[in-house]
Every structure is written in C-alpha cells, then in structure tokens.
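Chemist: Spelled out, the chains give:
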Amino acid sequence: MTDMINAEMEEININTEVLVIGGGLTGLKAASEIAASGYKVSLIEKESDIGFQKETNYLFSVNKKELASLEKLIRQVKKNNKIEVFTQTQIKGVTGVTGDFNVTLSKENELKGKKVGVIIIATNFSVEPMNEKYGLSLSENVLTQSQMEELLAPDNKSGREKLANKTVAFVVGFAQDGYPLVMERVMRSVLAAEETDGCNAYVYAGDLKVASDGLEMIYKDTRDNGATYFKLKEAPNINPDGKTISFYDDVLRRDMELSPDLLVVEEAVCADQSNEGLAELLRIDMGPLGFLQKDNVHLFPVCSNREGIFVVGATREVQDLPLIWTDVENMSLKVKNLLGDGTRMVPKEKAVVDTGKCVFCLTCYRCCPHGAIYWDEDNKAVISKIACQACGICASECPMDAIQIGGFKDEDIKVQIQKCIETGNNEPNIIAFCCQNSAFEAGEMAEAFNMPLPAGLKIIKVPCAGKVDIDYILSAFVNGADGVLVMTCHSGNCKSEQGNTFANMRVGDVHRMFEVTGFENDRLKYVTLASNMGQDFSSAAIDMERKIKELGPSALRN
Amino acid sequence: MSTANKKVMVVGGGIAGLTAAWELSQLNIDVELIEKTCFLGGYAIQFCCKATDECVTCGACSAEDMLYNVVNEPKIKVHLATEIEKINKNGKLSVSLKKSSPQTDSAEGGLAKGYSKNNSPLLVVVDKSSCKKIPDGAVAFDDIELVNKIDDIDAVVLASGFNPFNAEIKGTYGYHKFNNVVTGLDLERIIRKNGVVVRPSDGKEPKAVAFIQCVGSRDENLGNLWCSQVCCPYALRMAEQTKYKNPDTDITVFYMDIQNAGKNFPVFYEKCKSDMRFVRNIPVDLYPIKGDKLQMRYMNDDDGLSVKEVFDMVVLSIGIMPGSDNAQLSELLDINLNQDGFFACKDKFNRTSTSKDGIFIAGTVQGPKTIAASMAHATQAAGEVMKYLGVSK
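Residue numbers (this note's numbering), protein chains in the order written: chain A, 128 to 685; chain B, 5 to 397.
If you are wondering where the hints come from, they were derived from the structure by calculation, not from laboratory data. Quick caveat, the model's predicted, so the values are computed rather than measured. Built from N, CA and C at the ideal position, the CB exists for glycine as well. One thing to keep in mind: the hints can contain errors.
DSSO-like mimics (lysine-lysine), calculated; alpha carbons at most 30 Å apart, straight line [to be verified]:
id, chain 1, residue 1, chain 2, residue 2
1, A, K167, B, K352
2, A, K205, B, K391
3, A, K507, A, K546
These stretches of chain B come out as covered by chain A in the derived footprint (C-beta under 8 Å, 3 or more residues) [to be verified]:
id, region
4, 23–35
5, 317–330
Just chain B, with the same shape it has in the complex (with noise of 0.2 Å):
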C-alpha cells in the first residue's frame, strides 16, 4: 500500500513528539501535530548542556536538532496552543480541536519566550494586561491560528509527556518558600541562561550545594513506586559540570540508591566519587538562615544522630510524574492507564502498543524516560504506525 494520502495526529511537541512526527514525515506520512502550550520542544527543550570538557551524553543537543528538523519539514503541520475536544470514529478518525488556556505561570511580565532560536514564534504575549511593551515579532496568543476540526486520521501517536513532582508537596525543603532551594528543572534553566550555575537570591556564584535525591519518586509515603530513571543522570551531570567549571564548588549528593548515567557510568561514577561527596540519607528539613543560605537536618551514616549542615543552595532532583491530562487523554482516547497514571502497554513487550488499535504512545507518558530513550521509544512508534497502516517499503 502506497503512504500517499496517510495521516496521522501526534499529540504533544515536546522530544518525542517531534521524533514520532519526523520519523513519520520521512516515510511521507501528513502529519498533524498538536501542542498544548505555545511552543514546540517541550521539556527537553528546556534543558541545559551538561558536558564537561566532554559531552556526558545527556542529550539536550538532540532535543535542539530535533525541533530544528520538525520546523523546517513541510509534511508536519503544527498546531500550537491547541487541545482535543473530541474524537469521532467514523472509519478515520475525526479530531475535534479547542484552543488550550494560556499558561501564565511560567511567563515574566505577560510575555512567554521560548528555550531555541527554533521556537517559532519565540515570544508569545499571554497576558496583554501585566506586559508594558510589546517586543517586536512578538505573536499575541489569540492570534495564535486554531483549526478546529482535522479529518482523515489514520492513527494517533499520543506523546503528551510528563508532569515534573510538584516539590512543594515535600513541604520540609521550602520550596517556593525559600530563594534558593530550587528544582533539577529550575537549575537546568539556570543554567541553560547563565551558562553556569548561580544563586536565585543573589546571582552569585554558590560555594557549597547539596542535591537531594528521589523528590517524589521512589516515595511510598505518596504510592509513588517508580524510579524516575532520570534525576540520578541530571543531577550528576550538572554537578560533574559545576564542579568542572568552578572546582571550588562543594557537592554533597543525598541519595538512596545512585542509578546508572550513561554507557560507561563505573568510570563516570568514580570521577564523581572522587569530585563530590555522597551521603546516603534522605534529609529530614531545611530552613534558611542569615545571608540566604539554607541549614539541613539529616541523619549521620557514621552514628545514625542528626547533623546541621550548611549550604549556599539546596537542589531537589525531582522525579517524572504521569501528566495531568493523562486522566482525560484516558478517557477521549479510550485508552487504559496502568497503576502509576501512566498509559498501559497491551504486549509487555512494545512498549508503544495501547488497549486500542490505531494508537500508539510515545515517550513519558508510558512511563519515565532519558531524551535518548523517549527518541528511540518514538522512533519505535513511528514504525509500529507504519506496520499498522499496512505500509511496507
């Protein structure tokens, strides 16, 4: 069967998204994708490089190269601020499309900007009443085009992401109370902007930081039995590299169990060892003190009795959740969630295959993932698509 006149709905722009979308223009597939916010690259796109005077392999550039192929290709049609609304079954599927709300939280002044000179459009005004001056080639969100019904669908790869652990949840580390505890996402923002790592309070360079391991996952306490796979990597990654940039910088990591970074992680690991100190307890609290630096309690591994310690700022590397709409994409779709919130994999062996034939998932909403994984994961559904339409070389 010829891919002529083949279509299929991606929902959610961020890495794997894209990767789905443009390993399936290649095999000339139309595809529609949908997007949530106002920009394209999700989270990835967010993240910071966190090479040393080597790439660690985190795979923030492919998020980048990614984006750069998906703009630039004429066979994805994207869709920005933009919801389902309602799905019909009539042979095809026919997709019935709502403008999303503006996300507000995460723009300064009214306006959001997006992470890559890809982003196209790179700022968007969401609130016209807090922003004084509108930059030029700014785009108003109510401009922002909606189609409102896509007809014709052959399959649905759904790659609507993750929700990062809400760390205020853990309310003994102060978060959004206290300026400098921030998130692993926060600091790879930081970083990604200032090219190294500073303080919230003061956007001084800190001497003394301490990650905390297993925010919300791994947590019992909140039926969160899952690794999160990911915050082991970042939060070594980023700290290899402070260390790197600035050798003066003291790293404590807090963890339970320290997970594999990368395809030569003993000798990755050692490097750390020798770099940081770790310390396996999970801290009890934090609270501020005197020049906006931040006192921990935790338990000593040499006498099991509580300690105080200082320091200039306090990450807490948080865990992959399943999104919020997952529910919701549940329902519309008609597609099972498993234990977690994360969608369900009818064979346990392709992990893109749903309770319904047709969609496919792609990426953190099966469950938590690296931007190499999530690309391979939705290359892997992109070829399952294909094997679905019938479509051989």
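Isolated chain A, as found in the complex (with noise of 0.2 Å):
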C-alpha cells in the first residue's frame, strides 16, 4: 500500500489574502495579527464604524490603561495600509475552496466581488436580560446586569451615590446554567457596589459558576467586603414588583424574606444572532446554543469543517478577553501555517475523479464534510487537492464509483483483504476494518502491552471509517472472512464529522441484507473506541473471536 507520506507532490498557488467578518474586538485582533504576518487583510463589519461598545469593557472588566491599549487597537487597524476596512458591509455569497475563496460583499445594495484565500468568522456576544424568565417588569427598581454596570461606572458618581445606604439583591443562575463570564460580572458589581457607604450586597445564585482565573479569589473579595450569597436549588419567590424576596435559607434552614431597594437581574451571554446566517452561506457547521463550531476536540480551538474557515473567540464559545486572544493567536499560526509563502505542496493523488465515470450527481458534493468538492464548468465533480481531508466518504457514496483516494485505492484495498484471509488453519478468520485515527492506533496499543488478541485478526487501515465500503465488507466475507468488525471513533469526535455515521450506517445495510439471506449477523460489528482504549479494542476482538467459535466457520469460507 502506498502511503501519503511518499506519494508524488505537486505545488499549486493560493491566494493569500484573507476575509475577517466582524469588526468587533476579536476582529481587530485578528485583523492585525494576521497583518502582522504579512498578509493582506478586508475587514467587513454590518455596522457604520468598527471598533467595541462601551458596554464591552464592563463585560471584560478592563481597567482605563487597558482600555487604552484596546482603543489603541482600533486607531492602528485604521491606518494600516495591509488591512482595508469595510462598514456597513456583509457578506451575501461564497463559492470556492480555501485558498482560492470568490465571495460577494454587499454595501448598501451594491454588491461586490472579492477573491481571498482564508475567511475568519469574528461575530460578538449578544447580551440578553433574563427579567422576563424571572416574571418581572424592568423598573426603577429591577434593573439589568448591565444597567447596574452603567450606575457603578467610574465616572458616574451620580449613579454610585444612588446606592448609597441601600440594599442591592442580585440573582443569577436561575434563569441559565450560565458561564463564569456572567459570573464574573456580578461579582465584580458586587465589589464595586460595595465601595459605596452603606451599600449591602446580597447574591442569589444557582451554580456558581467559578471556574475561570482568579475568579474564586474575587468571589472571597466580595464576601470580604460584606456581600452575602444564598445558594439555593430554585429561584426564590420574587414579587412582581421585584421588591420582596422569600426562599428558604438551607444554611440558617428557615424562611426568610429581603425586601432590596434595587434588584439586578442577571443577562445571559449568548451567540450573535448572525451565526446561523453565516454557517448556511459559508458552508459550516452549527454549534450547540447559536455558537458555531461542533463540539469535536478535533476542531478546537479555531477551526470549522472546512479548511481556511476559521472561527474565533464569542464566534465558537463564551469566552473572555485573555481567552479570545489565545484563540486569535491560535488561528494566526493555522493561517501561516495554511498560506505560507502563497504556494503549497499537495499530493497529487489525494482524491481524484474519474471525469469519464462521473455522471454529476453531487452526490459527492453533497456528503463531503469539508466543503471540499465543487464542478467545473464541463459539470464534472472537483476536488480541492488544499480543502480535501481525505476521508474517503465521497469515494464510498459514490454510486459510479469514480472517485480513489490517494494511498487507499479499492483495487489495493481489495487485494489487501484477500491477503488477509488464511486457509488452512483452523483459527477464525476475522478482519477488522480501523480508522487510523482511532481504532488503529488503540490496536497497535493492544499489541504494544501485549493485550489478548485472536491468533486470526488481521488489521487493514482506512483513513477513516467513513471510506468503508460496503462492498469491502461483503469481499471480505465473499473471500472467506468468518468475522468483520468495522472499528471507528465515537460519535462526535469524527474527525471528518460524520465518518462514522457513515461507517454505521453501511454495517445496518450488511445486517439487512444478512438478514434476507440468513447469513448470520453477529459476523459483523460496528465498534466506537478511541485511539488509547487497548484494552477495549482487545475485548472487542476476543469478544468476536468467541461469537464465532459459538457459530463455526462462515459458509463462505472454503
């Protein structure tokens, strides 16, 4: 078997500019660091002027020197001849493969047209007040996270002086599990509420969510200072009027009541309402709760399902400023990585379509996970050598069979499965199909701390499972195989997404078709294991090993 390593490379040129969608924070930061490496940057932002909120350094709680530092930000994204900036500008279409990307902006209805090589999603959190989930109205006196931040500004001393001799009932983490981010908040306005005479903090709250530096220690810092916290099961009973609380104290374990002057209802931090938008013209997979980004640990930190689109910072996840720039920097190495010097070396024989079996159904275009495939204009099917994963998912969906995968062609395959059956011993033949990127890898452990393994398993590697075939299952039975077992990642952590998925759903094919003819089902197995269970690839294989001593030899086998 060839392996990708050695095969033949060929160079190919890529364009090397690069598309930043959000003009928020996170955007500049990525706007100039990806500057900084030396690549020419668009920056398009919906709004007229780019730049944060004010709201955003309460939500970060950065001090005036760091504020400073981030307005520094935007003047030097500004004047930076490698970046051009586009307001009131979103992004309407994108065809293409990374590296060589055709989008159209538009701007006011004007549309326009733009080549790059890499597009980076930016988006902003949304802040949302929870008032409503809690039955109350917005008032004097029940105010939002956020409006209490607005009061305890450091330049609003009227507003601090409002709090003067008052009692302030904040409750959070009823409304939503919630992040240390929304946390974080409410501590640090406890904190500052409690600068002013007089002012008593009382915190009603679920889950503390503390789990993020430093956060434990100012949570002691407001306790410190004189601020109460109630951990209760369940929200407590709040008039609607939001002037009168009642819950039972677990700790003191009776009823009590608090009548606070002020009541601070929690805001949840969310996804920006543009995500959804954006993952169906891009092309990439949502995320749980609006963020985009699966949850697969193959894509952490910043990349997508596609190659060259990258997410970052409140685009993927709720984070705060020092995480998002660990994000950033993560994705400026990817795109150097990525862009290079705008030519790259690729193996010639990655995926390649046979244009004469191809009959363009898209159903490759279709089931590709990385948005890889796209036609010509003589509407054949073309694989992108640079946005290409090699999965092999296309190559086994496609119903002419017109598409091989460098390394991993079927004729090389299907000569490896005759290989691997033994006649003229009395030990079970069985074959065990393994993602190289898990079951593989948990075999060779198997072997290395010498685990029990059946005398007659034979391992053939695939780069994923999704480039199991069901024709190669039913070769390998056909050449006398007494068991197969199709041996794959768990369910969710694909790197290719949905390999797996497919992998499972080809064995449910086999077993129906097992079942017309009556051929036995237990000879098959779909297996999810990752790439440091040994121990449970070695009791999968003993545990087929057994079936079939119970069964006997296959029928099919000579």
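Hints are included, so try docking the two chains, each in its own frame, into the full complex.
Modeler: As structure tokens, this is what we get:
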C-alpha cells in the first residue's frame, strides 16, 4: 500500500488575502495579527464603524489603561495599510474553496466581488436580559446587569451616590446555567457596589460558575467586603414589583424574606444572531446554543469543518478577553501554516475523480463534510487538493465508483482483503477495518501492551471509517472471513464529523442484507473506541472471536 | 528574518510542552524538549477516554495524537529524565542540564511503564534491585542519555505543568489508608487499564460510588483560593461513562457548585441529573466497614442533620496545584510567580507572557486548564515565540 507521505507532490498557488468578518474586538485583533504576518486583510463590519461598544469594558472588566490599549488597537487597524476596512458591509455569497474563495460583499445594496484564501469569522456576543424568566418587568428598582454596571461606572458619580445606604439584591444562575463570564460581571458589580457607603449586597445564586482564573479570589473579596450569598436549588420567590424576595435558607434552615431597594437581574451572554446565516452561507456546521463549531475536540480551538474557514472568540464559545486573544493567536498560526508564502505542496493523488465515470449526480458534493468539492464548467466534480482531508466518504458514497483516495485505492484494499484470509488454519479469520485515527492506534496499543488478541485477527487501516465501503465488507466475507469488525471513533469524535455515521449506516445496510439471506448478523460488528483504548480493542476482538467459535466457520469459507 | 538556526527550549513534556514543541517544529524551529520523568505525555497521557456511546470532548485522545506527532518529528530533540541545572545568558541562552532522580514511587517492582504505545521507551528500570526480571526492550534509567549542556537557545517555553493535590492532606477521607478511597487521577488510570471502574480491594465493579468535589480546590483553610476548572468535567464525565457501561451503578456527587463541562453543558447536565444524585454538601469524614465498604458522614440537605451512608468506593476529585518545582524554576528562569504559586502573566490579556522577555509559559504552569485549554494556550505560546524571534511568514 502506498502511503500519502511518500506520495507524489505538486505545487499549487493560493490566494493569501484574508477576509475577517466582524469589526469588534475579536475581529480587530484578528485583522491586526494576520496583517502582522504579512498578509492583506479585508475587514468587514455590518455596522457603520469598527470598534467595540461601551458595554465591552464592563463585560471584560478592563481598567482605564487596558481600555486605552484596546482603543489604540482600533486606531492601528484603521491606519494599517495591509488592512482594508469595509463598514456597513455584509457577506452575501461565497463559492470556491480555501486558497480560492470568491466572496460577494454587499454595501448598501451594492454588490462587490472579492477573492480571498482564508475566511475568519469573528462575531460578537449578544447580551440578553433575563428579567422575563423571573416574571419581572424592568423598572426603577428592577435593573438589568448592564444597567447596574452603568450606575457603577467609574465616571458615573451620581449613579454611585444613588446606591448609598441601599440594599441591592442580585439574582443569577436560575434562568440559565451560565458561564464564569456572567458570574464575574455580577461579582465585579458587587465589589464596586460595596465601595459605596452603606450599600449592602445580597446574591441569590444557583451554581456559582467560578471556573476561570482569579474568580474564586474575587468571590472571597466580595464576601470579605460584606456581601451575603444565598445558594439556592431553585429561584427564590420574587414579588412581581421586585420589592420582596422570599426563600428558604438551607444554612439557617428557615424561611427568609428580603426587601431590596434594587434588584439586579442576570443577563445571558449569547451567540450572535448572525451566526446561523453565516453558517448556512459558508457551509459550516452550527454547534450547540447558536455558536459556530461543533463540539468536536479535533476542531478545538478555532477550526471549522471547512479548511480555510476559522471561527474565533465569541463566534464559537463564551470566552473572556485573554481566551479570545488565545483563540486569535491560534488562528493566526494556523493561517500562517495554511497560506505560507502563497505556494503549497499538495499530494497529487489526494482524491481523484475519474471524469469519464462522473455523471454529475452531486452525491459527493452533498456528502463531503469539509465542503471540499465543487464542479467545473464541464459539469464534472472537482475535489480541492487543499480543502480535501482524504477521509474517503465521497469515494465510498459515489454510486459510479468514480473517486479514488491516494494511498487507499479500492483495488489496493481489495488485494489487502484477499491477503488477510489464511486458508488451512483453524483459527477464525477476523478482518478489522480500522480508522487510522482511533481504532488502528488502539490496536497497536493492545499489541504493544501484550493484551490478548485473536490469533486470526487481521487489521486493515482506513483513512476514516467513512472509507469503509459496503463492497469491502462483502468482499471480506466472500473471500472467506469468518467475522468482520468495523472499528472507528465515537460519535462526535470523527475528524470528518460523519465518517463514523456513514460507516454505521453501511454496517446497518449489510446487516439487513444478511437478514434477508440468512447469514449470521453477529459476524459483522460496528465498534467505537478511542486511540487510547487498547483494552477495549482487545475485548471487542476477543468477543468477536468467541462469537465465531460458537457459530463455527462462515458458510462462505472454502 | 528566516527561521533557520532558531532554537527554542521547551521545558516539560506534558500536553502543553508537546503541543508547543510540535507547533514550533512545524514553523521550522529546532526544539529541545526537556522532560523530568522517563516518559512524555505528563498527566494527560494517563487519562482515560470518557466517551459513552458518544464523545464527551474530554480531550484524552488529543494527548495521544500529539505524542504521536512529537515522537515522529525530527526537528524535536527529546531529553528524558533531564532537569535544568543552570541558565547562562550571554546573548543567547546556554542551559546546563542534569539527570533527574528516578521516580520510583510510580514504579511497580522497580519498573516504570509508559501509558501510550508511542512512549519511547515504554519500560524503564528505575530500581534494579527490586526488579526481579527485566523484560525485553526495557531501558535502564542510567542508560537514558544525558546531554550536559545546550547552547544558542533563542527562547524558552516553560510548560512544566501542575501537581495533583495530595489527598492525604484531607486526613478525614483516609486516602492511602482505606483501599477503596481513590483520587480522580487514580480513577482515570483504573479506567484506562480496565476499561471500566473496578474497586482496588477486589477488582470488582462497585455498586455505589460517591464523588467528592473540590478536594484541595476552593479551600480557604488550605489557602487554595482557586477553582481547578477540570474536576467537575472529569468527575461528571467518568460518572456518566460508568453509568453507561454499568447502568446498575448508583452514583452520588457531593459538590459546592457544579462547573460547566463542554460546549453543550445544559444538555449534558440534565442527563447527569437524571442519571445520578447530586448532594450540595461536602462530606465530613469516612471510615471503612465490613466488606471493604466505606461509611460516610455528611449533612443532610433536608433537615441539616448528620447522615451516615455506605458506599463501595469513594472518588476524591482532587484539583490542580502549582508544580512542586515552581519556586525553583522561578529562580532559575528569573520569572515571577503569582499569589497562588502559579506563574504570573506580565500582560493580563496575554497569558503566555512572563516578567522576562524571551520566556513564555504554556499550560497549567500558568493556572488550572483542561487538555483543550492547555493545547490552545501552548499554541498561543508558540505564536508569541515566533513574534519574539521576529519571524513573520
């Protein structure tokens, strides 16, 4: 079998311009870092100016000096000759693949085309008041967290004076699970409120989310300065006017009542509403809770399912400013690795379409999880050598068998299958098709650690379980295998997102064929495991061997 | 400026050090990777996969991937069983190295064993006298090669990691006294080895398991005023996996505040709540009773009275403490620690920065982090190194 490492390479030219979507803090930092690497940047912002809103300094709790450094960043971006800023501009369309994206931008209904090599999505948080979830209307004495922060702003002297000798109650963590960032806003407000004479702070909280650097210390500071926390299982009863809070106190073990002068209701920090539209337009996966990026460890921190499209900061998760900076630096390094000096060496035969066989059914276009397939003017599928991750899902789904993956060609794998069958021994012949990212590694681990393995076990490495064709499974049995294992990553852990799902579907298809023909279903099994699960690999293989010994040799075995 | 002849030293071969080393090597930097123990991978490589029928994004498999990358990368030179002795700055840095002392405590019968097939070597004889039979392929600790001095280093990434909290300090939980009291780290190793949770006393799957959260973290009496950020995720994930593999297991989690685990936490947490019991109370003490079981005392939620309950196994969710070498490293490298004993950041927004130019920090040496967060932080450190070296594209 040929290995991709030794495959013949060719040089291709790629566009090194970068499009950054979002002119908030994250987008500004992203643009400036990419420009510093020497690439041209187009920064688009749907609002009339780039920069960050006043709320940001509350949200990220930055001091004056830090704020000045962030404001400097705006000026630097504006005067950087490598960065072109487009305000009131949105992205309306995109075609092509990394290194060669064609994007359509619109400004006041005027459309403009642009060619870029990489796209960065850097949308902002949105902040939503949660008072309705508590059955409260905002009023003089019922405030949102943002309104409270305005009162407490360092330059708002009259706001702070209003808090003198007042009792302030905060409610947080009952309308949402929340994040450390939400908690930090509350605790910083408590600290600031405590600086005002006679102001007493009470915090009603669900789980205190303190899993962030320095937050436990702030929590202690708020208590040392006089704040009282009531940690409750469910939200306290709050009178609709916000003037009485009644609850059962777990520590004192009695019903309590508090009449605060001010009630501050938590705000949720949410994904930007434009994310969904961007995901659809750019053909990238949505993750949980409206953020972009599936919950898949192989994508962390900043990758999307498409090569050359990166998601940073609040686009993908609720994060504080230092973590957003971490994201930007990660992205910047990945962009550098991807674009280099504008030329790239790629394997010549990563995934090859036989244009003679291709009938333009678009199956490959639809099933490619990496958005790496497009079509040319002759209406034939084209697979981008740079966007393609060589998982082989398309090759196994193509109804015309028109696609071959370099290093894993169908004919080579079939030869391997034949070689795996040993005639003349009494051990059950078991063929395990193993994803190179998980099961193959686990198998090697089982061997290295001398874990028990069936004597007749043969392993065939595949780039991803998505490459395991129904043909392979059938061919294994036709050639005399007594059992077949399709072993791959757990759901949600596939580097190609759905390779394991496709493999599982195909195993299901073969099981149905077996049911019709009366062949034993137990001879074929789909197993998920991780690369460090040598023990599980061993037990799955031994289980299969035991089952086959019960069933006896396959009826198809000569 | 070209990347030719740029050399960076990475201190620590855990997940952060591996990631920093690999990212730098991909940018054509020569890396000297120093690791105190006999193996690469640190704690992360000892962790188990916590998937149920689906991945729960614990990141343990990423450690495996990164180790594979590093051992196959010729631009990274690995120095095992090695510590820094002295650093001289004369233009570039010159680092004198010394052999570390063999870690005999984790060895069985004088033999230390790696956790991954990519550990090279896989077996190291750390104590010849107590090693009855030396297996094939084992390397003697004394034979691990030491390079005495490395010159011409342009920058340093400190990624020397953390210490797991020593659970013996919480004396009333009887760790190391009672067989079936284990730490979260022990449980990771148990699952990695056996595929399921088994009791140390009899190797059988326990029926009733308790997890005690915040052991060593968020503890004012100990002066540990930080949340370790990883214990709720690992405990809930291992508990969920146990429940998935053996639905008859009864699991109770004793906690103060549950922290988020994963991007889809609200869904995960609901599942946890339906699969196990949560008690918002930190237990007082426990002691062994008949059948290697443990009787635990805690305060009841409903009436505030003391309750006694029996468990087959108790897991102490120990936290992330500053590395035991931090004070020494801080002196050697001349960089500051913060009030908690982790390394301090000079720039609040850039958590890889230190009080000294050319020295960067990566991973849990800066503060508690998950595997994913350590990797992102280490990649950031590699990026900052490149900027410091004045290397653009």
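Chemist: Taking each numbered hint in turn, which are not upheld by the structure, reported in ascending numerical order?
Modeler: Numbers 3, 5, in rising order.
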